Amino acid sequence: MRLPERQLAVLEAASATDERTIDEIAAETGLKPETVVGAAFDLRDEGLLVVGETADETLDLTDEGREYVDAGLPETRLYRAGLALDADAEPVSMGRVIGEADLNGPEVDIALSNFARKGFGGIDSGELSVDGDADPDTDPEAAALTALAAGEAPDVDERVIDQLDSRGLVAVGESVTRSVTLTDAGVDALMTGVEATETVAQVTPELLASGEWRDVEFSEYNVEADAPTVSGGRKHVLRRTADRVKDVLVGMGFQEMEGPHADSDFWINDCLFMPQDHPARTHWDRFALDVPPMEEIPDELIRRVEAAHRDGWGVDGDGYHSPWSEEFAREIALRGHTTSLSMRYLSGIAGAELEPPQRYFSVEKVYRNDTLDPTHLLEFYQIEGWVMAEDLSVRDLMGTFEEFYRQFGITDIRFKPHYNPYTEPSFELFGEHPETGEEIEIGNSGVFREEVTGPLGVDCDVMAWGLALERLAMLTTGAEDIRDLHGTLADIEFLRNAEVSY
Amino acid sequence: MPVVDIDTDELRGLTGHDEMDDEEFKTDLFGLGLEFEGETDDGLLQFEFAPDRLDRLSVEGVARSLRYHYGDDRGVYVPETNDPEWTIEVDESVPDERPYVTGAVIRGVDLDEGALDSLIQLQEKLHATMGRGRAKGAIGIHDLAMIKGAPLQEGAEPSITYRGVDPDGVSFVPLDANDELTPNEVLAEHDTGRAYADLVAGLDRYPAIYDELGLFSFPPVINGKRTEVTTGSRDLFVELTGTDQWTIDRMCNIICYALSARGATIEEVEVNYADGATHPSEYGAELVRPNLDTDEKTVSHDRIETLLGVEFEPEEIVDCFERAGLDASYTLGDEVRYEVEIPPYRVDVLHPLDLVDDVGRAYGFDNLEPRYPDVGTVGGRHERSRLEDAVRTSLVGLGFEDLLNFHMTSGTENFDRMNVEPGTGGAAVAEEDAESGARPPLAGVGVVGGGDPVEITEPYSEEYTQLRTWAIPSLIMLLERNTHNAYPQDVSEIGFVAERDETENTNVAERRHVAGAVARRDASYEAAKGRLQSVCDDFDAELETPRTDHPSFIDGRTAAVVIDGERVGVIGEVHPAVLVEHDLEVPVAAFEFDLDALR
Chain A
1 MRLPERQLAV LEAASATDER TIDEIAAETG LKPETVVGAA FDLRDEGLLV
51 VGETADETLD LTDEGREYVD AGLPETRLYR AGLALDADAE PVSMGRVIGE
101 ADLNGPEVDI ALSNFARKGF GGIDSGELSV DGDADPDTDP EAAALTALAA
151 GEAPDVDERV IDQLDSRGLV AVGESVTRSV TLTDAGVDAL MTGVEATETV
201 AQVTPELLAS GEWRDVEFSE YNVEADAPTV SGGRKHVLRR TADRVKDVLV
251 GMGFQEMEGP HADSDFWIND CLFMPQDHPA RTHWDRFALD VPPMEEIPDE
301 LIRRVEAAHR DGWGVDGDGY HSPWSEEFAR EIALRGHTTS LSMRYLSGIA
351 GAELEPPQRY FSVEKVYRND TLDPTHLLEF YQIEGWVMAE DLSVRDLMGT
401 FEEFYRQFGI TDIRFKPHYN PYTEPSFELF GEHPETGEEI EIGNSGVFRE
451 EVTGPLGVDC DVMAWGLALE RLAMLTTGAE DIRDLHGTLA DIEFLRNAEV
501 SY
Chain B
1 MPVVDIDTDE LRGLTGHDEM DDEEFKTDLF GLGLEFEGET DDGLLQFEFA
51 PDRLDRLSVE GVARSLRYHY GDDRGVYVPE TNDPEWTIEV DESVPDERPY
101 VTGAVIRGVD LDEGALDSLI QLQEKLHATM GRGRAKGAIG IHDLAMIKGA
151 PLQEGAEPSI TYRGVDPDGV SFVPLDANDE LTPNEVLAEH DTGRAYADLV
201 AGLDRYPAIY DELGLFSFPP VINGKRTEVT TGSRDLFVEL TGTDQWTIDR
251 MCNIICYALS ARGATIEEVE VNYADGATHP SEYGAELVRP NLDTDEKTVS
301 HDRIETLLGV EFEPEEIVDC FERAGLDASY TLGDEVRYEV EIPPYRVDVL
351 HPLDLVDDVG RAYGFDNLEP RYPDVGTVGG RHERSRLEDA VRTSLVGLGF
401 EDLLNFHMTS GTENFDRMNV EPGTGGAAVA EEDAESGARP PLAGVGVVGG
451 GDPVEITEPY SEEYTQLRTW AIPSLIMLLE RNTHNAYPQD VSEIGFVAER
501 DETENTNVAE RRHVAGAVAR RDASYEAAKG RLQSVCDDFD AELETPRTDH
551 PSFIDGRTAA VVIDGERVGV IGEVHPAVLV EHDLEVPVAA FEFDLDALR
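For the protein sequence lines, the chains are A and B, in the order given.
Using full-length UniProt numbering, the letters of the first sequence correspond one by one to residues 1 to 502.
Using full-length UniProt numbering, the letters of the second sequence correspond one by one to residues 1 to 599.
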């Protein structure tokens, strides 16, 4: 018979006539007690050993109990303080006795209730008297605590232990002692002789090829120990949020748009019916680029957009009473919103002329001059989406956006009527933060004005909305400072440890 | 967005709703789109709103909206006006840059502190919004009793004159001052003058308004002290100057409505543009102001129904219009249409669509039931977005931490600290293929990253002055920020880069670059190339790495990235000078190439 080395050691240390405890066998074999237990159970399963268990009550001092071993039980301290104030002769005010005994907080109540129970004296009308004949030195509770502290079994009545248990001064528990005895089969095996099998550290190609693995035992690992962390690569947390958004939108039938970051003001603002003297178009809000103006813009389109700005669109339309210059329209700047892409697609310049129905989106970068702070960056990602169809209504807009946000766990969307130069009606979207329950702005939406769609040659309705991706990411990841996520200030550990969202 | 400060006691008085408490007002105003923002130090409630209904910039306008909301008022209201006694003469000396003027006389005002504060607030808020910081329109309000009008000829009406003056040739005592100053001295020495000096800088003649006694207003900068309005003022002269007649007329209307709401009487003034003075072409040279004529627009029943997605009876629509402060009449027939009358304080109605919005608000957008549009379309991602994502997945599989860096950077980071000179690569040195006329990928020409940068005009910060021409500097900057964190740090980014390129429609060439950096004790050319090779294998692309030089990398350990025979990037061990410049104490090997090479 062959047995692993440690099982053999345990088998040899066991006796057929005496029960031997695990600790005894561990001491004899030099194995760890838990190793002995494991081996003993394996041997029992082979029918070579019997494993017996006995349960013993254990008694341990609690922290509070340990404290009283040195300081004395509170009731005893109260008694001695009473004696010192001659309360055996004349009742003394309780306050004085408590002060003398130096009892604090919950100790006071503990002292008073046990003082009376043990017959140390009486309390009447706030005055305390002590019984001079009482003898706390013979108190069995104190004696039991002292014995436990010294590691001895207390020689006291069971009821005293119960009392100490209920006072929380001792903890009553149970310990299991295992012992082993050889079975007849075990004795026989030892008689016929058992050999130890070999222990190896690692599975090797040679071991597998030779078939030797059948005869070896693998040394044990501490499988609970921490392993060194492996830092694999992962997609940026904002990219993952963007992927999620793209998945949802593609699922809702939206096609992705693509186009220039640096664009003419014509595509960024003029097509959107943003008056040229609108505050958002001033030097302070945009990033103008030091390159020559855009030469190629369809002339007819420029004329129509200019006409919308100057004179309005349609029979009853009024224009803005603002200056409009083609020169300004041709200047190049970084886009402040990806609605410039929507304008390019709607105009047909980005590809084919579009016939309704259409749905388009992008999740791309936009640039706005703002003060960098935990929630604002100069560059951020904007989710932009639009639906083009005949006779779209505000109800369709509400239904679409409710569906989109529901995919992110945001329900109960509120539509607050709003104003944008390029949409009418317009709505700010508010929703409840899924965790904090706070009402937060989660987007801006509306139906493009005819002054926008008309010049682009679109003669059906287009509804659109926009939202910062970072805002959605902060909601779904719990990030509090956007700068941890985005840009060269990012902390690589933060990126490595950010929870994966899906 | 504009903010209006409201004294709710005044609001109770002006709406006639003494029973309302502040909380109820907040709720009702939220319904109108005015969001409670907080309180001022004086205990006024502040409400923020979108800049369309600028007639709500004062408590009077807000009260008017609430009265419509509560049903106390219906339809269009236009206050009575008395015939003009005063004339504003416009002299041909008025500077061309600020040609227009308008005004009104207001009689019988009873200005307590609250009313005066409200008037000043309205004036300031109109300046900030419609007036575009006073550039487009500026308001001056004067105590009429202090103005002495000199009729131009015997028996004529009293008049004041809008004219141009020599910036140093006249003096007056401005508000908040005790001494006479010339206009130029006002701009140099007076706080308000300094604040608005830019608006008249460069003009040969400054705008000024005169009465018989001399200059009493220096628009758009400051009024004279002589005509200052106080709580004792009974009659007011309102004048507005600006660059657009319609804009200042509407600003004037909003002021007139606000004062009329407090019981004052509006009296017209004549505005006479002299021969030789620029006058508004659409209105002629002789105007009577304020112009409180209503506007009219037509909107079809069908458009209202399709846009709101609800069926209405015509009477319901008319009811909504009236509750919005508009009047409407309709004709039944094949197509029901509404003739809608719009009061002269509205500045936001540019198109019949705006009237549909008013109907929606009066009906209550909250009452609309959302529905998912019954329109089928096919969704999908853009091809380049899919490619980018696939390459990113390959990089992440190789252990790269995916980064997202800013596209804006500075010349210091993009060039100087990388030892690269602008103008040494990309479009700056690219030459067209003589035969095909095609141009090579910009990342394959000259020094990768050495293109001419796209600079931001008048940048606000030294850190963000241009668009990055390549991505490796961003990776190195991130490594610089993370020297306290554990190594290895293998980082990558697929991101936007740009350079000046006048062959492009936007004059900016925009590219997506794939960049990776391996930062660890044993980082080597081989470590970077092994990973690059793996990415190329994933896309069945053939990689070659002929030797090249690049100022950011160590000579002899640098190669061009050639994919499928085309030179598209660079790979190498980063030069110790660049590492030390970025406080890096481990070697770094990096590569960068044009994403399109993997298509």
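A couple of the hints might just be wrong.
To be verified - Pairwise CB distance ranges, derived in the manner of DEER restraints:
#, chain 1, residue 1, chain 2, residue 2, range
1, B, 540, A, 46, 55 to 65 Å
2, A, 247, B, 538, 32 to 42 Å
3, A, 298, B, 180, 41 to 51 Å
4, A, 284, B, 48, 15 to 25 Å
5, A, 64, B, 24, 39 to 49 Å
6, B, 189, A, 414, 33 to 43 Å
7, A, 279, B, 189, 46 to 56 Å
8, A, 279, B, 542, 27 to 37 Å
As the list claims (entries may be wrong) - Derived EDC-like pairs: lysine to aspartate or glutamate, alpha-carbon spacing no greater than 16 Å straight-line:
#, chain 1, residue 1, chain 2, residue 2
9, A, 365, B, 510
10, B, 148, B, 228
11, A, 416, B, 48
12, A, 416, B, 566
13, A, 118, A, 102
14, A, 118, A, 133
15, B, 26, B, 39
16, A, 235, B, 388
17, A, 235, B, 5
In case anyone wonders, no lab produced these hints; they're calculated from the structure.
Predicted model, so just to flag it, every value in this text is computed and none were measured.
Idealized CB from N, CA, C, for every residue including glycine.
Right, here's what the structure says about each hint:
1. A hinted range of 55 to 65 Å for the beta carbons of residue 540(B) and residue 46(A) is consistent with their spacing of about 58 Å.
2. Look at residue 247(A) against residue 538(B): about 22 Å separates their beta carbons, and that is not inside 32 to 42 Å.
3. Against the hinted window of 41 to 51 Å, the Cβ-Cβ separation of residue 298(A) and residue 180(B) comes to about 58 Å, which falls outside the hint.
4. A hinted range of 15 to 25 Å for the beta carbons of residue 284(A) and residue 48(B) is consistent with their spacing of about 20 Å.
5. Range check, residue 64(A) to residue 24(B): Cβ separation about 58 Å, and the 39 to 49 Å hint is violated.
6. Judged by the Cβ atoms, the range 33 to 43 Å given for residue 189(B) and residue 414(A) is violated: they are separated by roughly 52 Å.
7. Between residue 279(A) and residue 189(B) the CB atoms are about 29 Å apart, so this pair departs from the stated range of 46 to 56 Å.
8. At roughly 54 Å, the beta carbons of residue 279(A) and residue 542(B) sit outside the given window of 27 to 37 Å.
9. The straight-line distance between the Cα atoms of residue 365(A) and residue 510(B) is roughly 13 Å, inside the 16 Å bound, and the hint therefore holds.
10. Proposed proximity of residue 148(B) and residue 228(B) is supported: the alpha carbons are some 14 Å apart, at most 16 Å.
11. For the hint linking residue 416(A) to residue 48(B), the alpha-carbon distance of about 13 Å falls within 16 Å, and the restraint holds.
12. About 54 Å separates the Cα atoms of residue 416(A) and residue 566(B), which puts this hinted pair outside 16 Å; it is violated.
13. Restraint check: the Cα-Cα separation between residue 118(A) and residue 102(A) comes to about 20 Å, which exceeds 16 Å; the hinted pair is violated.
14. Using a Cα cut-off of 16 Å, the hinted pair residue 118(A) and residue 133(A) holds, with the two alpha carbons roughly 12 Å apart.
15. Proposed proximity of residue 26(B) and residue 39(B) is supported: the alpha carbons are some 12 Å apart, at most 16 Å.
16. Note on residue 235(A) and residue 388(B): the hinted pairing holds, with a Cα-Cα distance of about 12 Å set against a maximum of 16 Å.
17. A hinted pair counts as satisfied when its Cα atoms are at most 16 Å apart, and residue 235(A) with residue 5(B) does not qualify at roughly 48 Å.
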